[in-house]
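There are 2 protein chains.
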Amino acid sequence: MARLAAAIAMLIAFAQPALAEDGYDLWLRYRPLPADRASALAARAGAVETDEASDPTIAAAVAELQRALPSMTGGGPEQQGGVILIGTTRSRRIAALGLEPAGEDGFIIRDVTANGRRLLVIAGNRPVGALYGAFHFLRLVQQGPLPAKLDIAEKPRVKLRLLNHWDNLDRTVERGYSGQSIWDWWKLPTATDPRYTDYARANASLGINGAVLNNVNAKPDSLTPQWIAKAAKVADVLRPYGIRVYLSARWSAPVELKQTATADPLDPAVAAWWRAKADEIYRAIPDFGGFLVKANSEGQPGPQDYKRSHAEGANMLAAAVRPHGGIVMWRAFVYSEVDPDDRAKQAYSEFKPLDGKFADNVIVQVKNGAIDFQPREPFHPLFGAMPKTPLMLEVQITKEYLGFATHLAYLATMWAEVLEADTFARGKGSTVAKVIDGSLEGHALTGMAGVANIGSDRNWSGSIFDQANWYAFGRLAWNPDLTPVEIAREWAQQTFTPDPGFVDPTVAMMLESRQAVVDYMTPMGLAHLMATGHHYGPGPWVGDLARPEWNPTYYHRADKGGIGFDRTRSGSDAVAQYARPVARRFADRRTVGDDFLLWFHHVGWDERMASGRTLWEEMVARYDRGVAAVEGMNRRWAMLGPLIDKERADQIASFLVIQKEEAIWWRDASLAYFGSVSGRKLPAGVRPPAHDLQYYEAIRHPYAPGHH
Amino acid sequence: MARLAAAIAMLIAFAQPALAEDGYDLWLRYRPLPADRASALAARAGAVETDEASDPTIAAAVAELQRALPSMTGGGPEQQGGVILIGTTRSRRIAALGLEPAGEDGFIIRDVTANGRRLLVIAGNRPVGALYGAFHFLRLVQQGPLPAKLDIAEKPRVKLRLLNHWDNLDRTVERGYSGQSIWDWWKLPTATDPRYTDYARANASLGINGAVLNNVNAKPDSLTPQWIAKAAKVADVLRPYGIRVYLSARWSAPVELKQTATADPLDPAVAAWWRAKADEIYRAIPDFGGFLVKANSEGQPGPQDYKRSHAEGANMLAAAVRPHGGIVMWRAFVYSEVDPDDRAKQAYSEFKPLDGKFADNVIVQVKNGAIDFQPREPFHPLFGAMPKTPLMLEVQITKEYLGFATHLAYLATMWAEVLEADTFARGKGSTVAKVIDGSLEGHALTGMAGVANIGSDRNWSGSIFDQANWYAFGRLAWNPDLTPVEIAREWAQQTFTPDPGFVDPTVAMMLESRQAVVDYMTPMGLAHLMATGHHYGPGPWVGDLARPEWNPTYYHRADKGGIGFDRTRSGSDAVAQYARPVARRFADRRTVGDDFLLWFHHVGWDERMASGRTLWEEMVARYDRGVAAVEGMNRRWAMLGPLIDKERADQIASFLVIQKEEAIWWRDASLAYFGSVSGRKLPAGVRPPAHDLQYYEAIRHPYAPGHH
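So the sequence lines, in the order shown, correspond to chains F and P. If you read the first sequence in full-length UniProt numbering, its first letter stands for residue 1, the second for the next number, and so on. If you read the second sequence in full-length UniProt numbering, its first letter stands for residue 1, the second for the next number, and so on.
Keep in mind that the hints were calculated from the coordinates and are not lab data. As the structure is a computational prediction, the values presented were derived from the model and not from experiment. Please note that a few of the clues may not be correct.
Okay, derived cross-link-like pairs now, DSS-like style, lysine-lysine, Cα gap no bigger than 30 Å in a straight line [stated by the list, open to error]:
| id | chain 1 | residue 1 | chain 2 | residue 2 |
| --- | --- | --- | --- | --- |
| 1 | F | Lys660 | P | Lys219 |
| 2 | P | Lys345 | F | Lys219 |
| 3 | F | Lys155 | F | Lys388 |
| 4 | F | Lys219 | F | Lys428 |
| 5 | F | Lys681 | F | Lys660 |
| 6 | P | Lys258 | P | Lys345 |
Chain F stretches covered by chain P per the calculated footprint, using a threshold of three residues with CB under 8 Å from any CB of chain P [claimed, not checked]:
| id | stretch |
| --- | --- |
| 7 | 178–189 |
| 8 | 259–270 |
| 9 | 699–707 |
Every residue gets a Cβ at the ideal spot worked out from N, C-alpha and C, and that includes glycine.
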């Protein structure tokens, strides 16, 4: 019967409620293992023991193991295998084993036999070390079969491993593309959210040990009793996971709160206000980390308003938190509203003379590059240039300039590029990594900060692949020498599956992704060509904004003859801010390399590149290469998606489509514009832009996210 | 050994991954039933058959049954019980049964025997009827044991059952307290979200059949091709669930988009623009529902800007959508920026003279009361006053004036109060329900709209109990005669557990909750005493805002002698807008009742109430009663919470604490203020406010949500 053939007969058989694969679980998925791995794991880690269960951090570690192991083993009652012993060297059983974990935060994972029992010991000097060890163990378990014998010792290379939340008090997030702030300020402190705990778990799994809760463009309100109570409640939730809370401080807060007449850092009333404020904060948050300050930058107030230096400002604040063991992180991201000098030079010019003038609980926070989180920038010239001052690296996890949440751009390659960069400050091998881990100059106060991409979106980061950037930041802060491929691999194994048939091509796609963005947005050392304000989409034609350095035309300097910013001696001489060998390399067109060519040089359109193409032809090729890479990612994902759950695969697929559309938009708009400026025609066989320049110039996005 | 006693030994046994009880599943939880009910269900509904699987709506119904039944029965392969046959009367097998579902959207659920097979038939005339029947069946299953034989026939009483989303294009939500807009406009139309489908499922489960996607304070952009494509994509997702998409239209859009010189509705170019725009929308959304318009109200543009009437404006738009079967919903929420007359009178004054002048595809949308969604208002005088015009009721599900997301306030009691209210328009029994279901005047175009409380929060509505308001709106739109207790009961049974030990006291708490809010915010007919702008917290002292009707003092009119707004003949005579018997009742202090006393009368502080107390004493007693009710809810929840999952119980508990704190704030601030105005002392034994009036007046909440 034709009719019956069309009938659906549903048999209620073996149906299991599917776990929603919406990305919420991040890399802490703990899905059931294949039978062989499950029983091997159960035999080795069938139970967890500790002698320090009353410690909240040890309790958190035990809870994580309890959450993870049964879920992965599918453990039935028959399993009575080996035992995990977790704790610190202060516990008698662990002390008896003679283990010596390294430092405050390090851990050891080792198979031992004690009193005839086989134990898998996870031990730290402090509880947080044991917690990190537990997460490390679970990472290994999720990555594939464990070695027969584990003997691992790890410790972090950097002391401050911090997220910077640019979260506003109204729950918007500046440059946030993953929903609202996860901090539901409005309901705090009375109501918290289970999500705060999951946030802490995810961070602890990477070793992240601090969070600046509010935007560096700070409001004075965040320092009022009402808001301190909210921050204190968050701190209570994060504390067991070894995460300290920090606050961004608005320089002029005491004035705006009508409690002082001035914010002059040398005014005793101002210093007293901050001391009292610090005392008040520490009463509510005994382990408060300290303040992050953006001062005299982009309209924010600061000590220069009173003709005081950044050091004078930072040191006044540092004195307020010193009695409590707090620190001040002072941002070097400054450029003047009036200084006509190359913006790329200004932070160095301002801070270099202050080297040695900061208090010892101040650390200067320096962005990876001298402009502002562009798809590619040379390393910031301050690295290596302030030997007497601890410098921490600030990177941007949220993709303000790299396509927001929908473009796949794995950023570990970008950050590794900077960490590996050689400043030559003390000769060859003086990498940025050695500057920020303190080893180059012997600093104990070291740090790395990432501007978070975390929000209220169910998947936390706006997309599944953006989770990898959160992950990579945490792993690099733990160990700046980890390679992007290692990190991508372990992330993909945990987040999706250890199946190499999936992992290998996915990792390959991740590794090429950021270069693709560079190619279709800002190839060959171009920078800051994004549209105004929201930084979404191309705007290389914009040249009419009030301040010169707001304009893309300021950065690319294209004209009929050529393109690029001359930063050699014949131009702004920004190259002189680098150590001699570096400066020489950047200043010479033959050695600077294609990646930074137009960052440092103004080059004629018809000059020949290493490839044999003219500059114009090379730029066209780069744009085309970027688009082709994204088209390739779309094709590859069509094969890879079916290997994982449909829900995440579909989201990734649709975002890749958006990325493809927008890569084409970037390429077409940029070629239309630069073609019109240069007067050069597209090489034969190159696809012309789909529309004329006027079309691209007319595009507006008044409702772009992340811009307030 | 003492040490060992402290050790945790975790046995990996019987551990199951717990389903996250974060509220996402709403009332569609489908958790496993107890064994007896599970096997009874499997025996009766062990499989699903349809002859119309190619219909997307029937497919959605089948999918819902497939999702729900195995989950509830825990169905193993041994079950081979009865069969559900679902479809429309157009299918041969169902037609053969001679079932006659009512109307376009009605359904029948019946146990039958056909060709010797026992079938549970779910049938509609249209696929959407069958879908509604499937959800109705699942509702019954979740509520408790099914009757031995089902024979149910249902149909909706109201044609348009619509959610109004006040969602902005930047994803903020005006008066939204549950996160961002669920519409991720930025990623549409390329990427959708599985959440859109779950939204559609939840709405279809209630019979909601339309959604106005964007804020009534509309932007012209929403009518551009870019945004029409986004709305079309949402429409594609919602369509299988019987939900049509509507858009709020900004009156001046063609001018602001620079496509016409005027927005005069009688200008042929304007009419042509809207006709072309409607054609364009219908090409993208063939079943587009039509436009919702807020015109000449609170700064929005409208036809009066051109000296045309609301009817002339509405009819021009109506002509544009008529060829496509679309409608126009024209809001009667208007009050003039210059008219000094009682704001409560203005909508009636404007619209009553227009009765009979609207095109037949226009429906006028009237709020439940004449001011603005206050905790209690008398029914709007327009109901019953425009017999020649279809009127739809607009209620506010989001709790702009009732404590935002954290206060438990079950609103079915409020809405039922209005629906049951007798307008006496055609004599006794002329209830508002009969006005809006069309039965009083014989209108076929009928409707009920609820301003949605849905957002990106994981629990959709900002709190678990706010889900009940979404639910209650949908159920009342389906059948305005359902009682608040019936609705609360079925919601609680599905959302938590059918256990009467939990359900009965929970329902009791819900039923008293809205009166508690009235008591601690605006007792005895007071209204609009909230703080400025965001409407959060008390602001009865505010009297300095530019327009008189923005000020709480305008509404309460308290002075040394008394309090209340005289709306009798000696005052604004707003009572005269009601039918004679109603007007007489409201105008007479002896019959108006305590609930509306101060809405209609200015009363001396020392006048005696029915209780024997003076007005002042009675007000104090009401404030105290409100606080006591919330304290009682806190105590009750301490008993009830442990009967459900910890995650939801904890969230509810913490929100009840917030509600208690804020009820006390409202009571204390109000008594401090009215005590100072009246010069009356608190009765003996009454707790004085915790702070002085100055303290309450100084409180500011610049970061309150929902206000843009």
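Consistency of the hints with the structure:
1. Lys660/F to Lys219/P: 29 Å, holds
2. Lys345/P to Lys219/F: Roughly 43 Å separates the two Cα atoms, so the pair is violated.
3. Lys155/F to Lys388/F: The hint holds at about 25 Å.
4. Lys219/F to Lys428/F: 44 Å, violated
5. Lys681/F to Lys660/F: 24 Å, holds
6. Lys258/P to Lys345/P: Not OK: Lys258/P and Lys345/P at ~36 Å, beyond 30 Å, violated.
7. 178–189: This one holds; 5 residues, not fewer than the three required, reach chain P with a Cβ under 8 Å.
8. 259–270: violated (count 0)
9. 699–707: Contact hint for the stretch 699–707 of chain F vs chain P: holds, 4 residues under 8 Å.
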